[in-house]
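Fit chains C and E to the known structure of chain Y by using the hints.
So the chains spell out like this:
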Amino acid sequence: MTIRSLPFTKMPYGGDWNPEQWERPVWDEDVALFGHAGIDLLSVNIFAWTALQPDKDTYDFARLDEILALLESRGLRACLGTSTAAIPAWMATRFPDVLRTDFQGRAHKFGDRHNACPNSPTYRRFAPALAGQLARRYAGRDVVALWHVSNEFGGACYCPRCEAAFRTWLRAKYGTLDALNHAWNAAFWSQTITEWDEIVVPNVLTVQWTERSTAVQGLTLDYQRFMSDALLGAYRLEADAIRAEIPDAVITTNLMGPYRPLDYRAWAPHLDVIAWDSYPAPHDPPAAVSLKHDLMRSLKAGQPFMLMEQTPSQTNWQPVNSLKRPGVMRLQSWQAVAHGADAVMFFQMRRSVGACEKFHGAVMEHHGRTDTRVFREVAALGAELRALGDVTLGARVPARVAVWFDWPAWWAVENSMGPSNALDYLREVTALYAAFHAQGYAVDLVGSDSDLSGYGVVASTLLYLLPAGAAETITAFVEGGGTFLAGLLSGVADDSDRVFPGGPPGPLRDLLGVWVEEVDALPPGQDNEVVMQGGLEGTFACSLLFEQLRVDDAEVLATYGQDFYAGSPVLTRRRVGKGQAWKLGTSPDAAGLRAVTRALCDAAGVLPLVPELPDGVEVTRREGTGGRFLFLLNHTAEERRVSVPGLAGTDLLSGDVLGETVTLPPRGVRVIHEGAGA
Amino acid sequence: MTIRSLPFTKMPYGGDWNPEQWERPVWDEDVALFGHAGIDLLSVNIFAWTALQPDKDTYDFARLDEILALLESRGLRACLGTSTAAIPAWMATRFPDVLRTDFQGRAHKFGDRHNACPNSPTYRRFAPALAGQLARRYAGRDVVALWHVSNEFGGACYCPRCEAAFRTWLRAKYGTLDALNHAWNAAFWSQTITEWDEIVVPNVLTVQWTERSTAVQGLTLDYQRFMSDALLGAYRLEADAIRAEIPDAVITTNLMGPYRPLDYRAWAPHLDVIAWDSYPAPHDPPAAVSLKHDLMRSLKAGQPFMLMEQTPSQTNWQPVNSLKRPGVMRLQSWQAVAHGADAVMFFQMRRSVGACEKFHGAVMEHHGRTDTRVFREVAALGAELRALGDVTLGARVPARVAVWFDWPAWWAVENSMGPSNALDYLREVTALYAAFHAQGYAVDLVGSDSDLSGYGVVASTLLYLLPAGAAETITAFVEGGGTFLAGLLSGVADDSDRVFPGGPPGPLRDLLGVWVEEVDALPPGQDNEVVMQGGLEGTFACSLLFEQLRVDDAEVLATYGQDFYAGSPVLTRRRVGKGQAWKLGTSPDAAGLRAVTRALCDAAGVLPLVPELPDGVEVTRREGTGGRFLFLLNHTAEERRVSVPGLAGTDLLSGDVLGETVTLPPRGVRVIHEGAGA
Amino acid sequence: MTIRSLPFTKMPYGGDWNPEQWERPVWDEDVALFGHAGIDLLSVNIFAWTALQPDKDTYDFARLDEILALLESRGLRACLGTSTAAIPAWMATRFPDVLRTDFQGRAHKFGDRHNACPNSPTYRRFAPALAGQLARRYAGRDVVALWHVSNEFGGACYCPRCEAAFRTWLRAKYGTLDALNHAWNAAFWSQTITEWDEIVVPNVLTVQWTERSTAVQGLTLDYQRFMSDALLGAYRLEADAIRAEIPDAVITTNLMGPYRPLDYRAWAPHLDVIAWDSYPAPHDPPAAVSLKHDLMRSLKAGQPFMLMEQTPSQTNWQPVNSLKRPGVMRLQSWQAVAHGADAVMFFQMRRSVGACEKFHGAVMEHHGRTDTRVFREVAALGAELRALGDVTLGARVPARVAVWFDWPAWWAVENSMGPSNALDYLREVTALYAAFHAQGYAVDLVGSDSDLSGYGVVASTLLYLLPAGAAETITAFVEGGGTFLAGLLSGVADDSDRVFPGGPPGPLRDLLGVWVEEVDALPPGQDNEVVMQGGLEGTFACSLLFEQLRVDDAEVLATYGQDFYAGSPVLTRRRVGKGQAWKLGTSPDAAGLRAVTRALCDAAGVLPLVPELPDGVEVTRREGTGGRFLFLLNHTAEERRVSVPGLAGTDLLSGDVLGETVTLPPRGVRVIHEGAGA
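Residue numbers (full-length UniProt numbering), protein chains in the order written: chain Y, 1 to 678; chain C, 1 to 678; chain E, 1 to 678.
Simulated from the structure, these hints should not be mistaken for laboratory data.
All of these numbers come straight from a predicted model, not from anything done at the bench.
Worth double-checking, as some hints may not be accurate.
Which copy is meant is left open, because identical chains are indistinguishable; a pair holds if it fits in one copy or across any two.
[Unchecked claim] Calculated cross-link-like contacts (lysine-lysine; reagent style DSS-like; alpha-carbon spacing at most 30 angstroms):
id, residue 1, residue 2
1, 10, 300
2, 173, 300
3, 56, 173
4, 173, 10
5, 109, 56
6, 300, 578
7, 109, 173
8, 10, 56
9, 578, 10
Next up, chain Y with everything else stripped away, as it sits in the complex:
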């Protein structure tokens, strides 16, 4: 199932539309406006459960019928929500098991959204029932392009029903309490479980002091897995109910990029298409956004995804909600496409008149005017997408570099106390990714279940939790000619967060030819140096953690420059089979990471998309049945010039025919159909 299976001959364009908050005449205004802006796909019915089901026995679809009929009459399509992300007041009041208990152990009452316990019998009965009713009613209706289950699944529950379900989940996983106690090293602090019903949910009333510190890492890690599974289970109940009525339905939900609580790799097989909501903060570097697109694209092995939400202008929930500067919304939209998006959508069509998102930007502001900067930008992009047509749809983003990104590793390394609470998985992985990105390498994000065979380079950092089999996979990758980088804290613990016998890098030790004697930590602001040698050049600052590497069998490529371990190894390489295994023992600065990643790619013979990428410019390539497309994006406010040896093609946005030197205006975008028109 790909985005091509959706009934579109151009990139779908649109977003969330909530007519239920408005009087009927406004609907017609809105629909007219969609036409002016080139909008053709609307996410509807996202939060309307109470209206659809005003009590436990009654359904009422009249208004939704009307909404869909209106869309249909204009040739618009719906991304149809199941409306289950906020439970009705009556349900919360009459069936309180549907509500969550929070990390503080407090049972909640009615209010807010994302508030259903995924293990509540009430929720598990009513949510799929509604999804099934909707599917039955709208089966066969062309207006429904795809299905949108619930909304932004997330959070966690700690109620007694979850506790019971967790025990069942653990019993299925471990079989015996001996196995469980071993996995958790429960002898530590006498946390041993002697009967299944003694198992508690890990929160502030039990083993956790805060959300990020726990007495029993194994328990906490299992609950993270369990809760991700439980929410996936809730998704699947609804998806199954839809599929039972419409076997070929395209079903998804909106993900949130690197969202810590949910292991999206485990979710991805159950989604027909990946869709996600992108809300960069005003000063997020472009690489941080690109990483998220690449991560989402990689979830389904490169299949194009939907940019399901972005704001046309500003958010309302960040501390300070600056406007996107002129051109930035367009630039970020094309950035998504450059990384594999086949749909561009907004939250939201019209600012709500009340409640907490009334200051969230929209295509249509409260004033209802279209002679405005934002509406003009939205309509201009709509025109560009219409002009582009279907030529890029389905095109892939080939990458020969992969960066490791795994939820259990993320959870585990941040669950651990020590060596430094400044450890931030996402920051370290982003820094590593950004080093490739800045030099024009295309990057996938891989995990323990990924096929590494196509890559020249696989780089990791904080691969702390090394899943069973991963060492074998990585070793095979290297022996087959790949170049692998093990970064900081690699191979420390197994799937249960038990440290490997013999210490880090655990099962990677033979491959890397080094072991870690100790790990120093310094406070933010205190640095050491990475001094390159052995053919590499430069001295770079490094910070955070400083592994003392002991070499069994490897070349030393860099040493520390300071402190009592000055001169000892910090970067090593071991040639294995046809490939190479590198180990890096610290967190270098951006320049240092660029030097290391360039050296990795050189070693693997992996080339960047352009030989030299100016600062602030991004490059990607998509390839599909429609051709090859080089995307060049200028994230700066000044003009940039890029050399692309051998390029000849046409910019599909401007129509310019381009050669080897491409000029990018400030915040400019080129989508160059290579070979076309030249």
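Chains C and E alone, transformed into the frame defined by chain Y:
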């Protein structure tokens, strides 16, 4: 009812006296001390409920009889408390409904003060019963000058009884759930209420993530109103019980300046005289204190008020409790009088020996000495007040400038998420007020129920919630010749915090001749510029929010200096009828606000009290049957000289006869009886 | 009972060993390793309750038998834990009264350690029963060198059982509610208790706003005493159960230095030997560590103590867990010995494979290698200790200076609101201690129950709570020739935290000849000056609080340099009998404190151990039956040279024969047997 109705022929002077914490001999020491210090009004019986009513069936007034008799014997007067601000231990234990449930949803147990649930049947039975008993017992006793109900009403409760009362309050307000759901835009996130008993109190267990962020602004705003009403209801129960026994009793309670939880405008009609507690922090600018006095005075349309509490030396509850420097207590006392106080009182007469206020400053320190700096300053002020006599009592503070200050606007703008969480209603209003104050303009604080007819200038900022009728009132004011300033985020939402159709400035759009296309936000520290034009001069920094104004029909008086909206309007004026309507789209710095406010006053022909006010000097004028009094206060530690054209009068404190140039010693005060002695 | 009573002829060396977390073969590896490292004392059975007692009726000692047999077979000794610091899951589940309720009022569930309510009938039944079982089983076994009850007692509980026990404790203390209400000044805010069952535990549901702010200081202070007593009671139940089986058992538990919740002075008589866990942060100044050693040594009047835990390399629970630099572990070990330790022990022998301490440093890292920096340092120290033999065992650390350190004073001054929340008892006492320490004075830490007769100087600060009898003790000390310093906020309140009649310095007023008129507070960063006079020289910055001293009968030795109290006294001296009573009214900087403390010692004729101590060098002397030992420790990374007039002796570590000039290498240590070998 004014302060003149109190039985005083000079300004009352005194404060809180808690003899119940001391052995009998100390009482006599204290009373002697009152004589030495010129003290004549004592707030007594503030916290003595358990002593007065040791169990549910017993009252015991013997000690209070003795206290009042002692005061009476010395010709002193009592401000008689009802003692209900801290519930007895026995009541908390035997009738737990009297206790509050907090914002976290935790039911509290005995302890602390301000701990009664205003909707508790127990509290609503016992508190007025005690007030009635006191009134019956002391009716007709001259020693009781006025009645002081409870103490510093405040806080909030979230218990089941409040929840039930809230539903009743909502039913009375809205009649139908359809009306309520519309007001709250409850269709958003499917928050729709289908039965009255589904309504929840807004706290962390329901719709709020923190005290300052909520999913449903309409619900939260209604609860703020409801809780302010509920506490007012508790006040009124006691006041009614007293009034039933003593029809002409003077009844009040001590307010706390701009105290966010209570809408004092709604309270004011039920208080016979406004009394408030002033506790400036050591480095509060004088304008911040003056605003509070002016706000309190404005609550009852300019009627003089009581400074009910201030510390003679230091507080104990601020992070760092610096001593008031020599002369500062006197200066702040006269500052209160300058702004309309007709009584000067302290907390407290004697430092308590134990519990949490034992480090709070007092007229009498723990050492019990009177040969001290603080006691000498207290006694010297007592002598000044005695010498002043009754000449200023009842005098008004005429003002031709008004600054808008409304509790619902405060609540609503800070309930909203976005555009910036750096939004602080009190800070913005204080900055606007300070600009007038620094230039010697007398200012009232007005709200939606105020009569604007007497003012030349009415200025507002963050008039986000524009109450029904306010636009008409303001328009009439302008048409009648007034000059009105609409500041940042004006006219955004209605009384239910629903955004006005057509967007901001909502019903003010016709008057102002502008509309707001977008609102940019920048983090603290990032500025833009206000570039004056059209007769105004200067360029000033501005920060926080930046409205993009679109002009229908107005003159542009200033434009932005930077960013993509450089050159677009930020300050506009429209001439309407005999007056002018100005709109300001950002938060200028202090110099910028002084320029804008000066221009407003010039436009309206409003003159400052003196043509040029030296930095750190404050000026006010009071006028009454005793004459006209010009107050000049020097808040600096250096001498200051002020030109007052045409002045001839006598300084009532020093006896100096003064002409057009007045010299103020460091921290000096002049109370100039204009025309007198010249 | 002293450390000499333990069966060792050299300093015991070892630490925590947790074989229960490992397979049997690892035990043998470990035991071999102990031999290599010179380790001979192992703390075992610290957390094994569930294993020892898998249900309420069953005990199983097989594994512990095996562990002890293994130790025995190698001639190693055990410090035998009772395993009661973490309750079994089955106990928490079946007997929930065993669990604590926290300061937020939340009843906890199973998980974590230090989680038993000390007033739980379940805990008070099962914990001593287990201790008794262990004692019966291992009585008479030489392998058990001493007993280790529970682990790091601490925390607090606020459950209904504690509330009931607290009422009983109060009734025993006060007899009548009148006495209790008087002690608490409960008339304040009408907190009066009329029946015993109205008394509440002081937490966030009752009188406390935060852990450090309360409405009723007397109540909070009593609860602090009660909870310290309750935990001591729990310790004593176990100790008594052991003693019942083994009358001459050496019993202790591991203390935590200046641990605020527990009044270790009250605990000390019940411990046979003081043992404590030292975990300095990377940048703690050496004086802060020395204070803790001296405090621990002083608990039992100078009896040598055990360093029960320190990390060989790094901790895991600090924000950033830097490695101890080479030589630092050795230096800190000898620092402990220099201050009176007769045992050096580590946490832990081997890093655990999972759960929250897996990143805590150990003698044996995860890699299990001994060819490492850390293991080599551990083994080298083991060799030094073995070479040293028994010569220093039992030696005392004579001191003629004492600094006051009292838990109730600590609690009370930090319970109080005002004058400044920057008040930090430990910081102020440490600064005072450090001034003596930097100049080479030996210091004891004394409290209200200490015998002052041997000291030349007794210095205090924040002696806010002055216990009954302390003024008499101090006065006798001064009259007998001692020099006493009363620092900031001395003699403010009595044992119930009621301010003394007449104000501070209360009962010390006659002795000091001054009284305190007011106390100013300034924010951190704002200073005043101490200007010395009357024979003393220098001007020093001072901060925090500034008492206005009024002199009845004393010499002024220094005055303030700034502000409105410039020129008024800040340091005074009164000659009384054969001694002197000094009063200091502020917190001087380090140089100022050095000047004041030097002047105190000069006045008392107390000499430092060396005339001039280089920066970063520490000196102590121990004296015993084995001789006199001068310890010189260089805490810097550079060489230092110290003059010791008259010194002739042998460095027991290097064998160097030393004269009057001693050279210390970077981080170097000298243990000089005075007179030996010269």
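Please work out whether the CA atoms of residue 173 and residue 300 approach to 30 angstroms or closer within one copy, between two copies, in both situations, or in neither? This pair counts as within: shortest intra-copy Cα distance 26 angstroms, inter-copy 53 angstroms.
Copy assignment of residue 173 with residue 10, given that the CA separation must stay at most 30 angstroms: neither (46 angstroms within a copy, 51 angstroms between copies)
Quick one: residue 10 to residue 300, C-alpha cut-off 30 angstroms, is that within a copy, between copies, both, or neither? within (22 angstroms within a copy, 66 angstroms between copies)
Could you figure out if residue 300 and residue 578 sit no more than 30 angstroms apart (CA to CA) within one copy, between two copies, both or neither? Classified as within: same-chain Cα gap 29 angstroms, cross-chain 69 angstroms, threshold 30 angstroms.
Since the copies are identical, ignore which copy is meant and state whether residue 109 and residue 173 lie within 30 angstroms (CA to CA) inside a copy, between copies, both or neither. For residue 109 and residue 173, only the inter-copy Cα distance (24 angstroms) is at most 30 angstroms; the intra-copy one is 32 angstroms.
Reference check for the pair residue 578 and residue 10, CA-CA at most 30 angstroms: within, between, both, or neither? neither (44 angstroms within a copy, 58 angstroms between copies)
Within a copy, between copies, both or neither: which one fits residue 109 and residue 56 at a CA-CA cutoff of 30 angstroms? The answer is within: 18 angstroms in one copy meets 30 angstroms, while 35 angstroms across copies does not.
Within, between, both or neither: how does the pair residue 56, residue 173 come out at a Cα-Cα threshold of 30 angstroms? Classified as between; 28 angstroms across copies, 36 angstroms inside a copy.
Alpha-carbon proximity context of residue 10 and residue 56, limit 30 angstroms: Neither way: residue 10 and residue 56 sit 41 angstroms apart in one copy and 71 angstroms across, limit 30 angstroms.
Violation of the numbered hints given earlier is confined to hints 4, 8, 9; the remaining hints are satisfied by the structure.
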